[in-house]
Amino acid sequence: MFAYYVKVALHNTQRNKVLAALMVLAIAVGIGASMTTLTVMHLLSGDPLPGRSQHIYYPQIDVNPQSKGREPLDMLDYRTAMDLWSSDKADQQALVANSMVKVRTPYSTRPALMLPMVSTTSDFFSMFDVPFRYGQAWSKSDDASRTRVAVISSRLNDKLFGGRNSVGKTLRLADSDVRIIGVLDAWRPSPLFYKVRGGRFTDGDTSAFYKKTDDVFMPFAASLEVNAGNFQAFTCWSAPDPNEDLRNAPCVWVALWARLNSAAKVNAYRSYLQNYADQQKAAGRIKYADDIRLRSLMQWLDFNRVVPSNVKLQTALAFSFLLICLTNVVGLLLAKFLRHSGEIGLRRALGATRTAVFFQCLIESAIIGLLGGLGGLLLTLFGLYLVRLQPVAYADLAHMDVSMFLVTFALALATSLLAGALPALRASLTPTALQLKLL
Amino acid sequence: MQIRFVLAALRKHRLATFLIALQISLACAVLCNACFLIVQQVHAMRIDSGVDEARLGTVKLSGFDPKSANDFNARVVDALRHVDGVQSVSVISGVPFGEPGVRAGIGLDPDYKQFGGVIDFYLGDDHAAHDFGLHLISGRMPSPDDYMPVTKFVPSNAPVLITRTLAEHLWPGQNPLGKQFWGLDTQFRVIGVLDHLSVSQPGGSEAKDPDWSVFVPAIAGPNLAGKYLIRAQPNDMPRVMREAREAALKAAPDAVLDTDQSHSLSRLRHSYFESARVMVKLLAGVVVALLGTTALGIVGLASFWVTQRRKQIGTRRALGATRGDILRYFQIENFIIVSFGILLGMLLAYGLSLELMRSYEVPRLPFGYMPIGAAALWILGQLAVLVPALRASAITPVEAIRTL
Amino acid sequence: MLEMRDMSKIFRTEQVETHALRSFDLHVREGEFVTVTGPSGSGKTTFLNIAGLLDTFSTGAYVLDGQDVSDLDDYARSKLRNRKIGFIFQGFNLLPDLNLFDNLDVPLCYRRLKRAERHQRINDALARVGLASRMKHYPSQLSGGQQQRAAIARALAGHPRLLLADEPTGNLDSQMALEVMDLLQDINRAGSTIVMVTHDPNLASRAQRNVHIVDGRVAEDPADGTIRPRPVEGTA
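Chains as they are written, first to last, in this note's numbering: chain L, 1 to 439; chain Y, 440 to 843; chain C, 844 to 1079.
Just chain L, same shape as in the assembly (with noise of 0.2 angstroms):
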């Protein structure tokens, strides 16, 4: 029965090959654009951390003296950061500063290199789960010793070092010699979350969050000696002397990541955030002891509204094409049936169910709907790939996965049936002996 169903659905959508293509070109370009922006937008909204983001959380206190009581800075000033990172109440924790750092290395004559550093602590590799291609991560000794050790990125081994092992090679890093002992494998997290914030102040034009892994990782002590006067406050209270330690000036500039694995550590951490705010006020250094936050790595991604609104915009924007496809196809379908119904009257007469009637329609449009799913598939790829020429930070990312692949197929098979669904049951529900009388 299925066979003859899709038989005479076959004729029928034969019978007129240009409606038939305009209705599936209608499906294809709807999907492909929608399958387009809903894979980056799935790409930039997704967990970077998948399985660990839960256990990691990003403390804040309202460290400015002179706050309204409103959200507190982004991030913290040096002497905050580094009593809580001290306290070491956390399961992990990393502290976390970011500087451009002159590059260059005694083997060769290229010039140097302004190249982004992180200046961090040991717990950040394993608390992140960085992979590791040569070497390993300093240890909490390198911490608090200062030695003059470097994680470099494989991009910039395979730049500097032709991609061979070069642990135990120097570094020139501003005027020190630093001595790499790891280099890092692939590693793209999306975004690059441990660098995310003021995501509100950016006007939804977010895609620097999705830039590269940083090349250059130094112990965080080590690489403030190291790259002095280069590192930048997020924000400042007051002007501070630029001349000056950035560690004793009126800014924040310093993240603390912390990993908490239950429930219980995350209470304990909070009541332990908020005591430290409770002296810090008494002492008369800050103002707002209760404005501390204590969010997940999600939330904090949230809260900074990472995904771009340009990509949100063209999602929806997408979507809505989608629509107005879908209910082109819908109308083009009604039309179609109708037009037949004479004939499917006829095949009531002789003794078709109206659940028979509505399955061969349904069928009809499930055809229409395949071959426009499948055009969609690649259109969807082609698009990938012009959002890959796009010069967005994101573009290298922009890739088909399993998963939307298949939600690719579950579009195209909803939208069909539902294109398919509304016409069908119409041209079922038709009176049999109208449907003759219009023959």
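These aren't lab readings, by the way, just hints derived from the structure by calculation. The beta-carbon is built from N, C-alpha and C at its ideal position, and this holds for glycine as well. The reader is advised that the hints may include incorrect statements.
[To be verified] List time: in silico DSBU-like cross-link candidates among lysine-lysine, alpha-carbon distance up to 30 angstroms:
1) Y:LYS647 <-> Y:LYS720
2) L:LYS89 <-> L:LYS195
3) C:LYS979 <-> Y:LYS750
4) Y:LYS618 <-> Y:LYS591
5) Y:LYS552 <-> L:LYS68
6) Y:LYS591 <-> L:LYS68
7) Y:LYS618 <-> Y:LYS552
8) L:LYS211 <-> L:LYS312
9) L:LYS281 <-> Y:LYS552
10) L:LYS211 <-> Y:LYS720
[As the list claims (entries may be wrong)] Far from chain Y, some chain C residues (derived; all Cβ distances over 12 angstroms):
11) GLU857
12) ARG872
13) THR889
14) ASP898
15) VAL906
16) GLY909
17) SER921
18) LYS922
19) ASN936
20) ASP948
21) GLY987
22) LEU1021
23) ASP1025
24) GLY1034
25) ASP1043
26) ALA1047
The hints should help you fit chains Y and C onto chain L, whose structure is shown.
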């Protein structure tokens, strides 16, 4: 005359009519909002930076020792001046469309009780104001005494040139000359008003208006070093910039040239608006695809109705309808459906606009876009229905007699 | 009222020329009820199409109500159709999307008549065929006989000079067919000229004058005494 019949017939085809109207209303909603976004982006891209973009380029060096900044500045400026075609070189803190320079919140009183907003400060040495090509509309340009060394991020108690827009925002309706404002732990005094001077990242910073910036005269030194403004003839610019980059590196071999920032201002502007351009193209593509799909939908449905009604049309012709009557019947029908769609679309457009405002930081859709979107769809509808309608009008009255 | 002289209609395809009508002569006077009969393919329908200004002819002349309509363009023929001719079709040809009132209103609107006059004419016409109470009904809600009476009312409302009927009873059972035939005869007695194409010899015999067409020519016409040899299978 025929409207009544058209309406009566449409009532009998409610579902199909509703579907095509729904499609048109969706198209209307998206069209209005997409056009508005395009206009906004284009408007943003057309911004007047207030500087002589075509004649300007910038070179940025980093990685030098701030202690030797004076010597460093002197060496680089000298090298750049010797590049063939360079008319003038100045030391600056930033340029429009370049990376963010000095940016800070200001107040109209020392205690910031009256907050003035976050603005951009452009620092420049004694050549800069002239080299930028700033256009003064009142007051005076900085005199030699006005140039002072930079203490923190700016010189203390500096005289500034303010843009007309910012002055009007800070002191509405008043003469800004001689007024003071506070920021960066110091105070500023307005000595001149500029026509325009855009912030370094127009549309992307906290500034509410792209013209919220001031020019501060300063002396190059440890806190003003590494960024240079080059002035040359527009047609010479690509070569001059190429040679300037080489000359700067040669003069300061230890420093690192910022290859992203060291370009002509035209090029910086071009890359600054790259994503906006992509967005405009995309939106335009959506609009075209949308109109195309809608037109195809109309053509498709109208063609079907024409085929379906061949006998009816023949009958009408036999009853005395002229070709024009038949043509008009389909045109009126289309007009009614499209109008119905537009009516629905206006509501949708408004709803969509509110949603966009909430989620994507865009202003509310001005009402002026609705009639434009409506007109566009009416015209589109009439054009789309023309071919099927003409085909309908060509049906001979003999069709009335023909049995199926 | 209707005068066709030496008329011919030739359908050309790439290979063949078909003479649907050849040297066709017919004169219908005002107030006559003429039936046209003939075997299939004899040219009845072509005659009706031309008589009703639905189609053009190749050579000859056609004078309708004293006006030579041979060289009129499509627009003028549409207008003439609208004012002077009333059609009654085999398949009724009511517009399914419109109720009876609107169905009758369509040709009157094409004539740009005033609203009050249209209403008057529609009411009169529907009353005359006994459907005044069915004004708001849609064609699908009526029986075949009622539909054909409505179609006749539509033709009458235009006060045509000439009523053309194409097998008006072909889709009806015999009882309904008789009703319709009676109605047409009433209309004729009231002064309207009627030309009816049919293949039913019983109906044809009820008319004052029966014109028989064979091979695109008038084979038998009592009015001018034309008698050509009839084929055996013809109606006798």
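Results of checking the hints against the structure:
1. Y:LYS647 <-> Y:LYS720: 26 angstroms, holds
2. L:LYS89 <-> L:LYS195: 23 angstroms, holds
3. C:LYS979 <-> Y:LYS750: Roughly 23 angstroms separates the two Cα atoms, so the pair holds.
4. Y:LYS618 <-> Y:LYS591: 22 angstroms, holds
5. Y:LYS552 <-> L:LYS68: Between LYS552 (chain Y) and LYS68 (chain L) the Cα gap is close to 12 angstroms, so the pair holds against 30 angstroms.
6. Y:LYS591 <-> L:LYS68: 25 angstroms, holds
7. Y:LYS618 <-> Y:LYS552: Holds, because 16 angstroms separates the two Cα atoms, which is no more than 30 angstroms.
8. L:LYS211 <-> L:LYS312: 18 angstroms, holds
9. L:LYS281 <-> Y:LYS552: 23 angstroms, holds
10. L:LYS211 <-> Y:LYS720: 24 angstroms, holds
11. GLU857: Non-interface label on GLU857 (chain C) holds, nearest chain Y Cβ at 20 angstroms vs cutoff 12 angstroms.
12. ARG872: Consistent with the label, ARG872 (chain C) stays out of reach of chain Y, its closest Cβ about 24 angstroms off (over 12 angstroms).
13. THR889: 9 angstroms, violated
14. ASP898: 5 angstroms, violated
15. VAL906: 20 angstroms, holds
16. GLY909: The claim holds: GLY909 (chain C) sits with its nearest Cβ about 19 angstroms from chain Y, beyond 12 angstroms.
17. SER921: Non-interface label on SER921 (chain C) violated, nearest chain Y Cβ at 4 angstroms vs cutoff 12 angstroms.
18. LYS922: Violated, because the least Cβ-Cβ distance between LYS922 (chain C) and chain Y comes to about 7 angstroms, which does not exceed 12 angstroms.
19. ASN936: For ASN936 (chain C), whose nearest Cβ neighbour in chain Y is about 4 angstroms away, the distance does not exceed 12 angstroms, so it is violated.
20. ASP948: 8 angstroms, violated
21. GLY987: 15 angstroms, holds
22. LEU1021: Given a closest Cβ separation of 23 angstroms, the condition holds.
23. ASP1025: ASP1025 (chain C) clear of chain Y: closest Cβ-Cβ about 24 angstroms, beyond 12 angstroms.
24. GLY1034: 21 angstroms, holds
25. ASP1043: At about 17 angstroms from chain Y, ASP1043 (chain C) clears the 12 angstroms cut-off, so the statement holds.
26. ALA1047: 19 angstroms, holds
Of the numbered hints given earlier, the model fails hints 13, 14, 17, 18, 19 and 20; all others are met.
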